[in-house]
Every structure is written in structure tokens, then in C-alpha cells.
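There are 2 protein chains.
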Amino acid sequence: MTQGIELLALDGIPEVSPGDDLAALICAAAAAQGIGLTDDDVVVVTQKIVSKAEGRVVDLATVDPSAFARQVGERWGKDPRQIELVLRESTDLVRMGPGGLIISRTRHGFVCANAGVDLSNVGGADSATLLPVDPDTSALELRDGVRRISGAAPAVILSDSFGRPWRNGIVDVALGAAGLEVLIDLRGQPDADGREMHSTVIAVADELASAADLAAGKTSHCPVVVIRGYRYAPGAGRAAALVMDAERDLFR
Amino acid sequence: MTQGIELLALDGIPEVSPGDDLAALICAAAAAQGIGLTDDDVVVVTQKIVSKAEGRVVDLATVDPSAFARQVGERWGKDPRQIELVLRESTDLVRMGPGGLIISRTRHGFVCANAGVDLSNVGGADSATLLPVDPDTSALELRDGVRRISGAAPAVILSDSFGRPWRNGIVDVALGAAGLEVLIDLRGQPDADGREMHSTVIAVADELASAADLAAGKTSHCPVVVIRGYRYAPGAGRAAALVMDAERDLFR
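Residue numbers (my numbering), protein chains in the order written: chain A, 1 to 252; chain B, 1001 to 1252.
Isolated chain A, as found in the complex (with noise of 0.2 Å):
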């Protein structure tokens, strides 16, 4: 039988709270389970754990929303200092539509809803999450503890859930990425056809997102998953290069 690829999702991962060392809590329930990280592994860490253990979040009760924010929160009913914290994370308005959803460019450049600002409750305060400063950095720095703690220097993916236009429902998209190239160029290699692949960029960064998405389910809560048997191509990438140059873009 074929040597596959193996999803798989560690549920012994506690609820994250700001400083909380995330490679030792991955590391421990890694074991917990039996699987020792190897460098070939692609371990995909949902962003709301990093965010949260990178201390990302926000008291609401401390966000004074702007009069713009508060005409927006209550034409939609939506709390005005999540809106408030949306356009603080944001550098350009895509869209804005029903229910007070806003589409806007993130200061990482990435096109996502809400800018990522996520409202959460830390210690039964309303708050929100923000997404980490730099998921490209923070994602190296996960990488680094896990090599520290368990030898192993796997790929890591930082992964977020997006919208996508045209399209329902979301998908987890790679948001940083450590030790692997996140875009595959099959340019000028010949397909099955010998004809050569003209438009073939794979961003298998976004695809590793998403299949490890299937495997931590959404109500279950695993913020982990490790992906075994695929063979990444190692290499300095950052999820930034899958943010598309203005110049390119169709869609600006």
C-alpha cells in the first residue's frame, strides 16, 4: 500500500494564555500522544493560540472607538470597539458589507475579514485577539523552541480561516511559515502531457493550511496538527511572499 500522508492533530494542547511557551506545551502533548517530531513533519498552529500566548489581546473595556467606529457598530449592531480595533489593524478599506462585516488589508498586506480581530474571552473579560505583529517571525520562533526542546526541526505554518470572493464558506490559509519554501514554481517543467506548465505556482503553503484544517475540526479544538509524509521542499520561505505585489494584482 502507498505511503501517504498522514494528518494528524494533537488534543492535549491547554487553553493559551499571553507568555505561555507554545513550543513546550506542542512538544508535551506531542509526546503525550506518541509522536516524536522529526524534522520532516509540518507542524500547522492555528493563530489564535499564538496570538494569545504572544499576548496579542485586547481589554475591550480599554478601546475608545472613534465616532466613525460607533456609526458603524450601531447602524449594524456590531460592538464599536471591535470595530474600532478593525480599522486600528488596518490600511486599507477593501470592502464593507451586511452586518458590519468589513474586508480590509491588514499592515501585513494580507486581504481578510475583520482584519483578523477576533473577539475572544480571556479571564472572563471581553476582549479580542489581534493577529501576531509579524506571523512570519513568530512562526521561526516556534520552530527555534520546538528544535530547543525536542532536537526535531520541523516545517511550522501559522494558519488562519479566510473568506475568499466569489466563493462561500472559509478555508485556513497560511498567515507566517518557517523552514519550508511556501510557493512551489512548476514553471517551465513539462506536464503530462510534455507540454510545459506555464501558470503552475502552488502556493502548498495555503494547501498544508487547509488539510490540516480537516484534521483539528472547529467545536473539538485542536490547535495543532501535525502533517506527516509530505515531502516539503526546505528553505527560508515566509507566508509574506504569498501576499500578492500591488503591481500584479487584478485586484486593487
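The set of hints was computed from the structure by calculation and includes no laboratory data.
C-beta: ideal position from N, C-alpha, C; glycine also.
A hint or two may mislead.
[As the list claims (entries may be wrong)] Selected chain A positions facing chain B (Cβ under 10 Å, derived; list incomplete):
1. Gly-4
2. Leu-7
3. Arg-95
4. Gly-97
5. Asp-172
6. Val-173
7. Val-201
8. Val-225
9. Tyr-230
10. Arg-231
11. Phe-251
[Unchecked claim] Cβ pair distances, simulated, as ranges:
12. A:Leu-93 x B:Ala-1233: 30 to 40 Å
13. A:Thr-62 x B:Arg-1252: 37 to 47 Å
14. A:Ile-149 x B:Arg-1075: 54 to 64 Å
Starting from the known structure of chain A, fit chain B onto it as the hints suggest.
Chain B in isolation, oriented as in the chain A frame:
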């Protein structure tokens, strides 16, 4: 150790020609690899071999390009007959970009590059494959075929590679589906914080397609991947449900 999800590429699928019984080819390849298909599997099949089996192949010599297609072809050094086919397969042009790239809406409602028209070489003649007329029906027929031959009725997904606005690289998405719900609606269910998840509808069919692409590789041509161990929601889902309604679509 956790029971994970497995992604198993089938490698015995031969070059497919119009009229071939794809279900039989898939069952034979699975059997040869010792993979006994079950109702619990998801079989992901790349669109191109489905199009070929269904005879959605056009000999470019038979295509008479319009004046517009000639103009676009001349401007960008592209075959005007391919441009002509792209226009014929489109209901709406969404963007035209450098290199003669056309992003359009297909009759199915999908927004993608070149309306899914793919240059190909079938039997030595320059030809193009078009998307299946009704990919959901193609998936359903494939599922019925597999059931007739093997007795098992796995879920079936037809996949294709789509680009995305704002992000580099392509990822595989679901073009057709049979036997499973393509969207998992978690709205109203509590998340880890006990907070209602307001906007969580997951496009699992797209995530399954992306996951399969990791196992398929691109140059090693494994056009069929079996996903094992993913507990899909059985149902009469159709990939057509992944197309966003015009009134909800902020990007029309």
C-alpha cells in the same frame, strides 16, 4: 497514537481518452495498490481527466477565432483559438491582465483564470480541454460507477486549481461533489470560549481538494487521491453551493 487522516495518491491511472470508464480505472488502480475503497473514503479526482473521459476536448484546428479573440491573441502572443474558447466558456469577463490572462465567470458560476480552458495534446493534435458541463453530475456519475464496480460509495470531489485575488499561487478547490456536504455550518455552535461562532461556515470540499493536491504532486501525475479517515458529513451537497449568490457577493 491518534488516528489521523490519510492522503493516498493512486498511481496506476493511465492516460485518459474520451469514452474511458473513469470509475473502472479508479477502482482498478485502487485495487492494484491494495486500497479497498469504502463508503467512508473521499475520492478526489482532478477535473482534467474527467473532462477528457467526457470528451470535453476541442481540436484547436476546428476553432475559428472572432476578431476580438484575434486582437487579444496578437497583443499578448497567445493562440487566438484558445482565447476564443475562453470567451465561449465565459458568461462574464471579470478582469483581463498582462500576458492575455482572462479571469472570467464560467457558466457554472466559477470565477477562475481562462474559464478552465487548458491547452493539451491529445493524440498528437493541439487541443484544449474544457471544464465538464456539469461537474456535480460528473461527480455523481463517478460515484455511481464506483459503487457499481466496488460496492462502496465513497464521497467524490472533482478538483481544479484556481488562483485567488491578493494571494500568489494556485490551490485546488472543489468543482464538483457527490455524497457529502460541501459546507459545514458551525454558526451558533459555541467555540472554545463558549462564545457563539458567528461566521464559521467551512468550505470543507475546498479544503479536501487542497489536501488531495499535496498527495497528488503535479509532475508525477497522480490525478486521483483517496482521503481516508476524514469524517465527512454525508449528504447531497453540490459544489455549485460553493458559488456565492450575487446578492451576497461583495466582489461582483
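Status of the hints after comparison with the structure:
1. Contact between Gly-4 of chain A and chain B, as hinted, is supported at the beta carbon level, the nearest pair being about 4 Å apart and thus within 10 Å.
2. At its closest, the beta carbon of Leu-7 of chain A sits 4 Å from a beta carbon of chain B; the interface hint therefore holds under the 10 Å criterion.
3. Interface restraint check for Arg-95 of chain A: the shortest CB-CB distance to chain B comes to about 4 Å, inside 10 Å, so the restraint holds.
4. A distance limit of 10 Å between C-beta atoms decides the matter here; for Gly-97 of chain A the minimum to chain B is near 5 Å, and the interface restraint holds.
5. For Asp-172 of chain A, the interface hint holds, since its Cβ comes within 10 Å of a Cβ in chain B; the closest pair sits about 7 Å apart.
6. For the restraint placing Val-173 of chain A at the interface with chain B, the shortest Cβ-Cβ distance is roughly 7 Å, inside the 10 Å limit, so the hint holds.
7. For the restraint placing Val-201 of chain A at the interface with chain B, the shortest Cβ-Cβ distance is roughly 5 Å, inside the 10 Å limit, so the hint holds.
8. Hint on Val-225 of chain A holds. Least Cβ distance to chain B is approximately 9 Å, under the 10 Å limit.
9. The beta carbon of Tyr-230 of chain A comes within 5 Å of a beta carbon in chain B, closer than 10 Å, and the hint placing it at the interface holds.
10. For the restraint placing Arg-231 of chain A at the interface with chain B, the shortest Cβ-Cβ distance is roughly 9 Å, inside the 10 Å limit, so the hint holds.
11. Using the Cβ-Cβ criterion of 10 Å, the hint placing Phe-251 of chain A at the interface with chain B is satisfied: the shortest such distance is roughly 4 Å.
12. In this structure, Leu-93 of chain A and Ala-1233 of chain B meet the distance hint of 30 to 40 Å, their C-beta atoms being roughly 35 Å apart.
13. For Thr-62 of chain A and Arg-1252 of chain B, the Cβ-Cβ distance of about 39 Å falls inside the hinted range of 37 to 47 Å, so the restraint holds.
14. In this structure the hint that Ile-149 of chain A and Arg-1075 of chain B lie 54 to 64 Å apart at CB holds, the actual value being about 57 Å.
Checked against the numbered hints above, the structure breaks none of them.
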